[in-house]
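**Q** Spelled out, the chains give:
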Amino acid sequence: MNTIVISKGPFSAELTEVLHKNGCDPIKTVKNPALAAAKFMGKQNIVVYEWSEDPQEETRNLQELMKQTTGLKVLLIVDEGIKEAIKVLVKYDEVKFVFKPLTRERLQIGMRMLLAEKKRPPTINIEYVNPFIESTKAIMQQMAQTDIEKKEVRIDKGLTVYGDISGVMALSGNANGFVVISMGIDTAIEIVKRMTMGDVSESDNELIEGGIMELINVISGQAQALFNQNQHHFDFTTPTMVRGKGHTINHGLHENSIVVKFETPDHKELFLQVCLKTA
Amino acid sequence: MKVKKILIVDDSPTMLRILQNTLAKAGFPDSITACHGKDGLLKLAENRDVDLILSDWNMPEMTGIEFLKNVKADGDTKNIPFIMVTSRNVKEDIMEAVQSGARDYIVKPFTVESIQEKINNI
Ligand SMILES: [Mg+2]
Numbered sequence: 013m014n015t016i017v018i019s020k021g022p023f024s025a026e027l028t029e030v031l032h033k034n035g036c037d038p039i040k041t042v043k044n045p046a047l048a049a050a051k052f053m054g055k056q057n058i059v060v061y062e063w064s065e066d067p068q069e070e071t072r073n074l075q076e077l078m079k080q081t082t083g084l085k086v087l088l089i090v091d092e093g094i095k096e097a098i099k100v101l102v103k104y105d106e107v108k109f110v111f112k113p114l115t116r117e118r119l120q121i122g123m124r125m126l127l128a129e130k131k132r133p134p135t136i137n138i139e140y141v142n143p144f145i146e147s148t149k150a151i152m153q154q155m156a157q158t159d160i161e162k163k164e165v166r167i168d169k170g171l172t173v174y175g176d177i178s179g180v181m182a183l184s185g186n187a188n189g190f191v192v193i194s195m196g197i198d199t200a201i202e203i204v205k206r207m208t209m210g211d212v213s214e215s216d217n218e219l220i221e222g223g224i225m226e227l228i229n230v231i232s233g234q235a236q237a238l239f240n241q242n243q244h245h246f247d248f249t250t251p252t253m254v255r256g257k258g259h260t261i262n263h264g265l266h267e268n269s270i271v272v273k274f275e276t277p278d279h280k281e282l283f284l285q286v287c288l289k290t291a
Numbered sequence: 751m752k753v754k755k756i757l758i759v760d761d762s763p764t765m766l767r768i769l770q771n772t773l774a775k776a777g778f779p780d781s782i783t784a785c786h787g788k789d790g791l792l793k794l795a796e797n798r799d800v801d802l803i804l805s806d807w808n809m810p811e812m813t814g815i816e817f818l819k820n821v822k823a824d825g826d827t828k829n830i831p832f833i834m835v836t837s838r839n840v841k842e843d844i845m846e847a848v849q850s851g852a853r854d855y856i857v858k859p860f861t862v863e864s865i866q867e868k869i870n871n872i
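Keeping their order, the protein sequence lines are chains S and C.
Those letters in the first sequence? Residues 13 to 291, by the working numbering.
Those letters in the second sequence? Residues 751 to 872, by the working numbering.
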């Protein structure tokens with residue numbers, strides 16, 4: 013993919029390597045955005061654009077660039093200029109941004125966002141479950157320092173919760189329905205202890221429930237980001253709490269739910285339940 | 751800028767505790783809390799020495815974005831750096847927050863290190 017790097021300063025070999033790994037070749041580096049516009053001949057191209065201190069001018073440059081070339085994918089490297097960049101970002105879907113200072117990791121993330129292919133939304137429920145599985149594992153690691161292992165995946169009729177305590181998130185968008193994280197009270201206390209880095213007793217109801225709601229909240233957020241990479245979108249607001257085993261969540265979707273059983277290193281069970289109707 | 755006193759605003763007591771402990775580990779032990787935007791405004795009026803605000807987005811009474819707009823509209827508080835903390839990693843949300851005057855945006859989950867980096871960049 014023909015790539016142009018617009019940068020006032022030098023672009024390091026390390027960063028150039030990230031571009032190469034993402035299929036950018038040949039790479040030309042220019043200091044002047046107007047020159048970049050002249051070099052594109054309407055081909056499918058990539059621009060990595062490091063903004064200078066004058067966001068107003070850069071906004072005009074970017075708009076000029078977008079006008080001259082169709083099918084251009086642009087990765088902006090901005091900081092305070094983001095406030096100006098927004099005016100352009102809202103107009104073009106193919107413009108993504110990462111913040112300064114540009115590191116290897118940020119460039120890699122930016123390129124991944126930029127090159128994410130537009131796929132049709134899958135019609136099978138299971139395809140919507142994987143991002144939640146990934147995100148549950150990652151969030152349990154990051155927020156509760158607990159490595160959980162996927163033990164079992166099964167399909168339930170309807171949506172009935174398994175544990176003493178369940179955090180429920182409602183979703184809408186490409187998929188409509190619920191995602192639930194459910195567990196026994198002992199497991200919940202242990203997890204919330206780790207999350208809050210403090211002591212938690214069984215009577216700290218507000219703290220325990222808040223912790224489990226926060227867990228499903230952040231799991232949903234991470235899954236949402238994974239979906240966005242594949243051009244799927246869903247929205248969610250705030251989670252709710254269900255106490256007690258065996259409650260059926262009446263959702264009117266008449267869909268089956270997918271149940272994923274995880275286990276903590278000390279063999280405590282954790283259930284992820286995904287019940288979605290895809291648009 | 752030297753940050754000492756931090757106001758944390760979140761409707762979840764669990765989140766407040768997580769943030770307070772994380773901030774303490776990151777070298778910022780001096781924090782006060784509020785449970786929603788309106789409470790945040792009250793705390794700001796009572797505490798004139800707040801150096802930084804960390805606020806949740808989804809809250810009852812007054813949401814994080816409304817709180818942000820109020821903080822920026824008041825001459826006494828408009829210069830206090832404001833960081834939005836949320837679980838929604840959505841371009842439109844980040845844009846709305848930045849447009850309304852947020853200095854930065856933290857997407858949960860965060861770590862001691864990531865919080866430290868954000869605050870040091872203020
Ligand atoms: Mg909240």
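FYI, nobody ran anything at the bench for these hints, they're computed from the structure.
Keep in mind that a hint or two might mislead.
[Claimed, not checked] Each pair of labels, with its calculated beta carbon distance range:
1) E816(C) - G83(S): 46 to 52 Å
2) E146(S) - D843(C): 17 to 23 Å
3) D799(C) - K112(S): 27 to 33 Å
4) A823(C) - H32(S): 35 to 41 Å
5) S184(S) - K775(C): 35 to 41 Å
6) M209(S) - V753(C): 45 to 51 Å
7) A50(S) - D824(C): 31 to 37 Å
8) D247(S) - G851(C): 21 to 27 Å
9) G851(C) - I138(S): 17 to 23 Å
10) K752(C) - R72(S): 35 to 41 Å
11) Q120(S) - K841(C): 16 to 22 Å
12) I197(S) - E842(C): 24 to 30 Å
Small disclaimer: the values here were computed from a predicted structure and weren't measured.
Here a beta-carbon is modelled for each residue, glycine too, at the ideal position from N, C-alpha and C.
**Q** Does each hint fit the structure? Answer for all of them.
**A** Consistency of the hints with the structure:
{"no.": "1", "hint": "E816(C) - G83(S): 46 to 52 Å", "verdict": "violated (39 Å)"}
{"no.": "2", "hint": "E146(S) - D843(C): 17 to 23 Å", "verdict": "holds (22 Å)"}
{"no.": "3", "hint": "D799(C) - K112(S): 27 to 33 Å", "verdict": "holds (31 Å)"}
{"no.": "4", "hint": "A823(C) - H32(S): 35 to 41 Å", "verdict": "violated (48 Å)"}
{"no.": "5", "hint": "S184(S) - K775(C): 35 to 41 Å", "verdict": "holds (37 Å)"}
{"no.": "6", "hint": "M209(S) - V753(C): 45 to 51 Å", "verdict": "violated (21 Å)"}
{"no.": "7", "hint": "A50(S) - D824(C): 31 to 37 Å", "verdict": "violated (48 Å)"}
{"no.": "8", "hint": "D247(S) - G851(C): 21 to 27 Å", "verdict": "holds (24 Å)"}
{"no.": "9", "hint": "G851(C) - I138(S): 17 to 23 Å", "verdict": "violated (43 Å)"}
{"no.": "10", "hint": "K752(C) - R72(S): 35 to 41 Å", "verdict": "holds (37 Å)"}
{"no.": "11", "hint": "Q120(S) - K841(C): 16 to 22 Å", "verdict": "holds (18 Å)"}
{"no.": "12", "hint": "I197(S) - E842(C): 24 to 30 Å", "verdict": "violated (38 Å)"}
The structure fails to meet hints 1, 4, 6, 7, 9 and 12 from the earlier list, while all remaining hints are met.
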